[in-house]
Amino acid sequence: MLIRFLKSFPSISYKLFLLIVFLLTPFVAFSAGEKIDYPKQKWSFSGITGTFDRASQQRGLQVYKEVCSGCHGLRLLAYRNLKAIGYNDDEIKAFASENNVNTINDEGEIVERPARPSDRFVSPYPNDKAARAANGGAYPPDLSLIVKARPDGANYLHALLTGYVDAPAEKKVPDGMYYNKYYSGNLIGMPQPLYDDGVEYADGTKATPEQMAKDVTAFLAWASEPEMEDRKRLGISVILFLLLLTLLSYFAMKQIWAPIKNK
Amino acid sequence: MSKSKFKNPVVKWIDHRLPVFSFMDHELNHYPTPKNLNYFWNFGSLAGFALVTMIVTGIVLSMNYTAHVDYAFDSVERIMRDVNHGWLIRYIHMNGASFFFIVVYIHIFRGLYYGSYKAPRELLWILGVLILLLMMATAFMGYVLPWGQMSFWGATVITNLFSAIPVVGESIVTWLWGGFSVDNSTLNRFFSLHFVLPFVIVGVVILHLVALHRFGSNNPIGIDVKGTQDTIPFSPYYTIKDLFGLSVFLSLFAAAVFFFPNFMGHPDNYIEANPMVTPAHIVPEWYFLPFYAILRAIPDKLGGVLFMFGAIAVLFVLPWLDRSPVRSSQFRPIFKIFFWILLLDCILLGYLGAMPAEGIYVTLSRIATAYYFFHFLVLFPLLPYIEKTKPLPISISEPVLSGGSTASAFAAREKK
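Line by line, the protein sequences are chains S and D. Numbering-wise, this note's numbering puts 82 at position 82 of the first sequence, and it's gapless, one number per residue. Numbering-wise, this note's numbering puts 219 at position 219 of the second sequence, and it's gapless, one number per residue.
Certain hints may be false.
As the list claims (entries may be wrong) - Partial list, computed: chain S residues near chain D (C-beta under 7 angstroms): (1) V67; (2) I110; (3) V111; (4) P151; (5) V238; (6) L240; (7) K254.
To be verified - Have a look at the derived ranges for each label pair, beta carbon to beta carbon: (8) S:E66 x D:N64: 34 to 40 angstroms; (9) D:A313 x S:R116: 37 to 43 angstroms; (10) D:V56 x S:K254: 29 to 35 angstroms; (11) S:K261 x D:E27: 42 to 48 angstroms; (12) D:A164 x S:E98: 55 to 61 angstroms; (13) D:V11 x S:G50: 48 to 54 angstroms; (14) D:E398 x S:L240: 40 to 46 angstroms.
Just so you know, these hints were derived from the structure itself, not from any lab. Quick reminder that beta carbons are idealized off the backbone N, C-alpha and C, glycines included.
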């Protein structure tokens with residue numbers, strides 16, 4: 001009886017196996033993710049044809065500059081990179097020169113000079129220790145890779161920026177900590193950064209916290225993956241080429257094998 | 001025959017003195033291959049392709065990479081941002097590692113299913129396991145190079161395993177690190193070894209091919225080739241089939257590289273290594289997860305290490321553990337069922353390796369680990385005594401061709 005059952009098994013085992021693999025895949029793929037549920041947004045840059053929204057990115061740069069850059073660096077980005085989000089050389093030059101960088105002059109003294117487009121974004125603190133000291137021991141992370149460095153980064157960042165609510169009565173919030181419903185453990189060292197009209201958008205868009213969070217996330221998503229648009233564009237051509245190659249090699253194979261298969 | 005083989009006078013002149021062209025003609029063109037190979041036989045050449053891809057992209061990456069704790073992370077980001085198409089090279093290399101393992105794992109399970117490890121192909125199989133071991137060492141050290149959080153902490157966890165060795169463990173770990181923690185000297189030696197090991201792999205792959213070509217490929221029904229009626233020349237039949245397989249493989253690979261480049265990576269590795277901050281979960285790359293699950297399933301550190309390495313070690317002696325003279329699972333009804341159970345077991349171990357080591361996951365890991373070793377150490381040797389195998393066909397050409405003639409394949413080829 002048992003043997004009979006086992007013998008009937010192989011035919012279905014293959015399908016059963018595939019089914020289980022399919023069912024397991026999402027668990028394995030997202031196993032490392034956060035347990036907290038946060039809302040999913042519609043992003044112009046998601047999907048295989050998604051691109052960045054230039055206007056949103058430029059507003060995001062403004063939010064970064066006026067709100068985030070007080071504490072958070074963006075050290076992997078150079079001012080010249082801003083060309084990719086629609087600024088011209090003069091604008092970039094002017095934007096860069098608002099910051100100062102240290103240099104050594106011909107007399108060997110350390111002096112300050114205005115930043116150039118070729119310089120990287122100037123960080124707000126000279127080093128990690130200074131950053132910690134100025135923020136009550138909490139380290140404000142550099143934002144260059146922040147969207148790539150968190151699971152489901154864009155949605156998470158947006159949720160975090162809009163997740164400041166009053167703490168529930170039973171939750172004790174110590175001094176220098178803030179309650180955020182999307183942060184792991186709910187206690188975050190960063191005070192709520194975005195308030196209504198925290199910035200004044202040049203294009204007249206109403207600066208709600210929701211809007212600012214979307215814009216700065218779009219900007220930082222680009223900062224994390226500046227190659228994304230090129231990558232997807234090239235990807236589509238490469239895939240089309242490969243599908244054609246697959247098709248041609250399939251028919252070539254069928255033709256070459258015909259005498260073997262048919263005789 | 002060798003006199004009139006080549007028309008080009010230069011080729012002829014060289015071949016007379018250095019018969020490389022004859023060698024290639026013999027091994028890649030005329031090489032007689034069983035005519036009944038299925039698509040699972042594509043994965044050997046795909047693995048070779050993946051290896052070459054990794055070496056080529058790796059050499060280009062090394063031209064732009066800086067192996068120093070202060071610069072490694074930034075030099076990788078410079079490749080991603082400032083080197084022309086650096087992101088492409090790096091994503092190919094990064095995803096290439098995963099795809100290399102996918103291909104090799106399928107290749108190994110193909111060998112298990114069709115009994116390709118059995119006499120006279122034992123050394124072929126053992127060389128293959130050696131390649132797997134070298135690949136794992138190479139991949140592990142490669143993952144350390146970007147110097148992200150997972151790089152650093154993965155290196156710390158894995159190198160610390162050696163401290164489980166009694167008496168000399170601690171000294172060995174210090175020796176491996178080149179210091180008292182994972183630091184600059186560790187990164188430097190890992191870079192050096194990550195660069196050189198792929199060429200060692202190439203060497204073993206060449207031996208693997210020499211061993212393969214001694215008796216030729218196994219085939220889905222697992223019986224020996226009886227004569228020329230059972231084989232066809234490698235070219236054009238298997239060159240075109242390999243090209244088709246390669247196109248399918250490349251399409252999937254390109255989809256990952258261009259549209260989901262970080263799907264198989266870990267977000268924490270985009271945070272620069274920080275010895276002062278330990279990530280919440282330290283997880284190795286997916287291809288190590290089954291072994292990681294075995295390591296954690298054993299409550300004793302040394303035991304865990306021994307079982308983890310044992311999981312590979314049993315593969316080395318596999319040809320002698322399996323006592324059945326029948327190669328292919330097609331004629332082994334019970335073995336076939338257990339093959340699928342083993343595959344599920346390995347996938348389950350992979351899943352458990354990604355889960356935190358607590359509660360039900362620990363229990364399941366132990367059961368899955370126990371089954372893994374039961375399969376190889378108990379089932380393989382004992383099964384032949386219980387199992388009644390199905391009758392084997394007389395030759396390859398009979399079940400495949402109803403009225404096929406012996407020389408038809410060669411005749412068809414000569415016509416072109």
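The hints, checked one at a time:
no., hint, result
1, V67, "violated, 22 angstroms"
2, I110, "violated, 20 angstroms"
3, V111, "violated, 25 angstroms"
4, P151, "holds, 5 angstroms"
5, V238, "holds, 5 angstroms"
6, L240, "violated, 10 angstroms"
7, K254, "violated, 9 angstroms"
8, S:E66 x D:N64: 34 to 40 angstroms, "holds, 35 angstroms"
9, D:A313 x S:R116: 37 to 43 angstroms, "violated, 59 angstroms"
10, D:V56 x S:K254: 29 to 35 angstroms, "holds, 31 angstroms"
11, S:K261 x D:E27: 42 to 48 angstroms, "violated, 25 angstroms"
12, D:A164 x S:E98: 55 to 61 angstroms, "holds, 56 angstroms"
13, D:V11 x S:G50: 48 to 54 angstroms, "holds, 52 angstroms"
14, D:E398 x S:L240: 40 to 46 angstroms, "holds, 43 angstroms"
Violation of the numbered hints given earlier is confined to hints 1, 2, 3, 6, 7, 9, 11; the remaining hints are satisfied by the structure.
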